[in-house]
Amino acid sequence: MGCVVAAANAFASAGDNILIHSPTYIGFTGSLKNCGFNIVHSELVQDEKGTWRMDYADMDKKLKENKIHLAVFCSPHNPCGRVWEKWEIEKAMEVYKANDCIVISDEIWSDLILTGHKHTPTQSVSEDAKNRTIAIYAPSKTFNLAGLVGSYSIIYNSYLRDRVKKESTLPHYNDCNVLSMHALIGAYKPEGYEWLEELLEVLTGNVNYAYDYIVKNFKGVKLSKPEGTYMLYLDCEEWCKAHGKTIDELQKAGVAVGVIWQDGRPFHKPYAIRINLASPLSQVKEAMERLDKYVFNA
Numbered sequence: 001m002g003c004v005v006a007a008a009n010a011f012a013s014a015g016d017n018i019l020i021h022s023p024t025y026i027g028f029t030g031s032l033k034n035c036g037f038n039i040v041h042s043e044l045v046q047d048e049k050g051t052w053r054m055d056y057a058d059m060d061k062k063l064k065e066n067k068i069h070l071a072v073f074c075s076p077h078n079p080c081g082r083v084w085e086k087w088e089i090e091k092a093m094e095v096y097k098a099n100d101c102i103v104i105s106d107e108i109w110s111d112l113i114l115t116g117h118k119h120t121p122t123q124s125v126s127e128d129a130k131n132r133t134i135a136i137y138a139p140s141k142t143f144n145l146a147g148l149v150g151s152y153s154i155i156y157n158s159y160l161r162d163r164v165k166k167e168s169t170l171p172h173y174n175d176c177n178v179l180s181m182h183a184l185i186g187a188y189k190p191e192g193y194e195w196l197e198e199l200l201e202v203l204t205g206n207v208n209y210a211y212d213y214i215v216k217n218f219k220g221v222k223l224s225k226p227e228g229t230y231m232l233y234l235d236c237e238e239w240c241k242a243h244g245k246t247i248d249e250l251q252k253a254g255v256a257v258g259v260i261w262q263d264g265r266p267f268h269k270p271y272a273i274r275i276n277l278a279s280p281l282s283q284v285k286e287a288m289e290r291l292d293k294y295v296f297n298a
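Heads up: the sequence shown at position 160 corresponds to 160 in UniProt numbering, and the numbers run straight through without jumps.
Treat the hints with care, since some could be wrong.
[Claimed, not checked] The following label-pair restraints were derived from C-beta to C-beta distances:
#, residue 1, residue 2, range
1, ASP175, ARG290, 39 to 45 Å
2, ASN297, ASP162, 56 to 62 Å
3, ALA14, LYS97, 24 to 30 Å
4, ARG290, LYS33, 31 to 37 Å
5, SER22, GLU94, 16 to 22 Å
6, VAL255, THR169, 39 to 45 Å
7, TRP195, GLN283, 16 to 22 Å
8, LYS241, SER158, 52 to 58 Å
9, LYS33, SER158, 27 to 33 Å
10, TYR152, LYS241, 41 to 47 Å
Worth flagging that the hints you see were computed from the coordinates, not collected in a lab. Remember, it's a predicted structure, so these values are computed and weren't measured experimentally. Ideal Cβ placement from N, Cα and C applies to all residues, glycine included.
From just these sequences and the hints, can you work out the full model?
Written out as structure tokens, the structure reads:
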């Protein structure tokens, strides 16, 4: 988040508006609000197949009405798990260009793309996107290295790069350290890529199993199948209303049987729960069975 905050502070001031797609990662909203920025949400919408899509007309409207010139773009998207297709990113960047908007593109999940999908770097879709975008990456999600503080940014535009570099050096502890630099280099050696290929097979299997199980057995729970990340984002509104339960009661019921899932409401959906599937398939199966027997169909 240090990269996101540094980039935001380089091009906006406290009290300024910043556009973010919603549902959204709580780190974005929390950190940016703490810095005094106002968050303007452009809601993602689901098509007839349940796939999350950007609402380009709403983006354009919000940018114009709120005089916004800085946006945070998440690709792949957290928490929805969308791996945006090239045409979707192109269209979004056209909206940003039309509104003279600098883009902070968080691509921290870009290594974790599930079978059948492909990540398109935001900066690759056009020359304007290349020069308008501050792209942020890290090995933390892929190799579990978050504690080493090893995120980095790719900025082709020298004007943007110089301002972000100056802002990012103001806090004493906002730089990579010797451990994180060597961890980053080591992670992306051939052995790391070999391990990542095997990991993606496991994560794809976990997502496929959990998605199919939930769709088949948990009536009233809606979800879109993730294309990247290892997270599920459940919409439990229909189930809660049908069973006279609050989302608090539902979440506590899961925890009571040993399924430690996450409150999804801070991601800006009122009946949401988030599930981390970065576990062996055996544990995913056990979690689904416990939720089935003791929570959703008790």
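Hint check results:
{"no.": "1", "hint": "ASP175 - ARG290: 39 to 45 Å", "result": "holds (44 Å)"}
{"no.": "2", "hint": "ASN297 - ASP162: 56 to 62 Å", "result": "holds (58 Å)"}
{"no.": "3", "hint": "ALA14 - LYS97: 24 to 30 Å", "result": "holds (26 Å)"}
{"no.": "4", "hint": "ARG290 - LYS33: 31 to 37 Å", "result": "holds (36 Å)"}
{"no.": "5", "hint": "SER22 - GLU94: 16 to 22 Å", "result": "holds (21 Å)"}
{"no.": "6", "hint": "VAL255 - THR169: 39 to 45 Å", "result": "holds (42 Å)"}
{"no.": "7", "hint": "TRP195 - GLN283: 16 to 22 Å", "result": "holds (19 Å)"}
{"no.": "8", "hint": "LYS241 - SER158: 52 to 58 Å", "result": "holds (54 Å)"}
{"no.": "9", "hint": "LYS33 - SER158: 27 to 33 Å", "result": "holds (30 Å)"}
{"no.": "10", "hint": "TYR152 - LYS241: 41 to 47 Å", "result": "holds (45 Å)"}
Of the numbered hints listed earlier, not one is contradicted by the structure.
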